[in-house]
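**Q** Chain order of the listed sequences is A and B. Under my numbering, the first residue of the first sequence is numbered 1, with each subsequent residue one higher. Under my numbering, the first residue of the second sequence is numbered 1, with each subsequent residue one higher.
Just so you know, nobody snuck in bad clues.
In silico BS3-like cross-links for lysine-lysine, where the CA-CA straight-line distance does not exceed 25 Å:
#  : chain 1 : residue 1 : chain 2 : residue 2
1  : A       : Lys34     : B       : Lys15
2  : A       : Lys252    : A       : Lys31
3  : A       : Lys114    : A       : Lys134
4  : A       : Lys259    : A       : Lys22
5  : B       : Lys131    : B       : Lys100
6  : B       : Lys108    : A       : Lys134
7  : A       : Lys31     : B       : Lys15
8  : A       : Lys147    : B       : Lys108
9  : A       : Lys263    : A       : Lys22
10 : B       : Lys100    : A       : Lys134
Don't read these hints as lab results, they were simulated from the structure.
Chain by chain, the residues run as shown.
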Amino acid sequence: MPSTRDIRRRIKSVKNTAQITKAMQMVAAAKMRKAQSAALVGRPYAQLLNEIMAEAATRTVGFDHPLLQARPVKKRAVVLVSTDRGLCGGLNSNIFREALKLDKDTTVFITAGKKAAQFVGRTKRNLAAEFSYKDTPDFAEARAISKFVQQLFLKGEVDAVDILFPRFVNTLTQLPTTVPFLPIGKISAATSGVNAPAQELPAASTTDVFDFEPDEETVLGALLPHSLNFQMHQILLETKASEQSARMVAMKNATDNAKQIIKDLTLEYNKLRQANITKELLEITTAQMAVG
Amino acid sequence: MAYQLKLEIVTPEAKVFADDVEMVTLTGIDGEMGIYPEHMPVMTQLVAGEICARKNGENIYLAVGDGFVQITGKRVAVLTDMAIKASDIDEAAAEAAQKKAEARLTQKLSDEETATVQAALVHATTQIKVKQRHKH
Numbered sequence: 001m002p003s004t005r006d007i008r009r010r011i012k013s014v015k016n017t018a019q020i021t022k023a024m025q026m027v028a029a030a031k032m033r034k035a036q037s038a039a040l041v042g043r044p045y046a047q048l049l050n051e052i053m054a055e056a057a058t059r060t061v062g063f064d065h066p067l068l069q070a071r072p073v074k075k076r077a078v079v080l081v082s083t084d085r086g087l088c089g090g091l092n093s094n095i096f097r098e099a100l101k102l103d104k105d106t107t108v109f110i111t112a113g114k115k116a117a118q119f120v121g122r123t124k125r126n127l128a129a130e131f132s133y134k135d136t137p138d139f140a141e142a143r144a145i146s147k148f149v150q151q152l153f154l155k156g157e158v159d160a161v162d163i164l165f166p167r168f169v170n171t172l173t174q175l176p177t178t179v180p181f182l183p184i185g186k187i188s189a190a191t192s193g194v195n196a197p198a199q200e201l202p203a204a205s206t207t208d209v210f211d212f213e214p215d216e217e218t219v220l221g222a223l224l225p226h227s228l229n230f231q232m233h234q235i236l237l238e239t240k241a242s243e244q245s246a247r248m249v250a251m252k253n254a255t256d257n258a259k260q261i262i263k264d265l266t267l268e269y270n271k272l273r274q275a276n277i278t279k280e281l282l283e284i285t286t287a288q289m290a291v292g
Numbered sequence: 001m002a003y004q005l006k007l008e009i010v011t012p013e014a015k016v017f018a019d020d021v022e023m024v025t026l027t028g029i030d031g032e033m034g035i036y037p038e039h040m041p042v043m044t045q046l047v048a049g050e051i052c053a054r055k056n057g058e059n060i061y062l063a064v065g066d067g068f069v070q071i072t073g074k075r076v077a078v079l080t081d082m083a084i085k086a087s088d089i090d091e092a093a094a095e096a097a098q099k100k101a102e103a104r105l106t107q108k109l110s111d112e113e114t115a116t117v118q119a120a121l122v123h124a125t126t127q128i129k130v131k132q133r134h135k136h
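Please model the entire structure based on the sequences and the hints provided.
**A** This is the structure in structure tokens:
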């Protein structure tokens, strides 16, 4: 039987924990709004980029670019995007569960975020490179990752590149999603798939053939890497939105749990206190009766 | 209006411009292009500079960064990393940004940083140029 003092001490410690989780929840909520709007604001651009790429690809005949080359896949690279910090529920573990399904010998990992790097180290997978990104991901950070991956692909070290990241669906749901990155086969996948509907465009008739100025190589040569960089950036933004949402929900649950525990402990404390008072009263009355 | 073009200018941050216009002038990689409705389909790269759109006989000027342009007979789609209407340009802010970028370039930077700073410099310079040309 714990004494009243023990229970009081426990209530106090749980209260402190609740305070911390509540603060973290608030911080995550504020960051979440920012991250979510950042992830959503890029959509019109992504959509237009898609349209242009799709049209350009269908209207050019006999054009080949090294980034478009589909080869038989012997070795595959996976860009694993995770958070830097924990305390965000099952977000990272869900991603890693997907990653564990991949073949150990033919997969090379490129990680973004500390947790992914730790995971790859822990499970002894092949690590090609480790990248980091800030709370508000820069385009430059995305470009660095994208460039590295493109080089791996162009050098023939890998034959396909996928990206595994927590797709942001809404505040309560984040889905671990794999999107193909290279080779650029189906250009329609150029958004990170933020449930962006592949809009049917009121395109001019398909008999139109685009003129390229100065020529196809130059324009597509610039357009393809740019679109990859942009896609990578969009994915980082989405991961951030997922992270903050997941953390907010996790911290809200933690706060609620702590409050429940405080309630239970307080009840127990009061019961014990009353039992003690009753016991003392009994002692006093028995003592009085003995004397009197 | 029988002949109109739909001009769309989109940046990663926002859809800056989407309207029907009569004519568009922009700077492509091979020089300035004037685009009227029923233009032949063209795809080209956009160079930082000015876009002029004519609507109801009035000219609307925008400062834009590098990017891509896709032209069909009915639509001009512009993808760029910066777009701002001439009337919205804050010249003082642009000049401050220009100075800051120039100062940064004198320092030792990695390739990635240099690219970022140079892009910022181009943005600022273009804004100032466009603003000054259309001062009343």
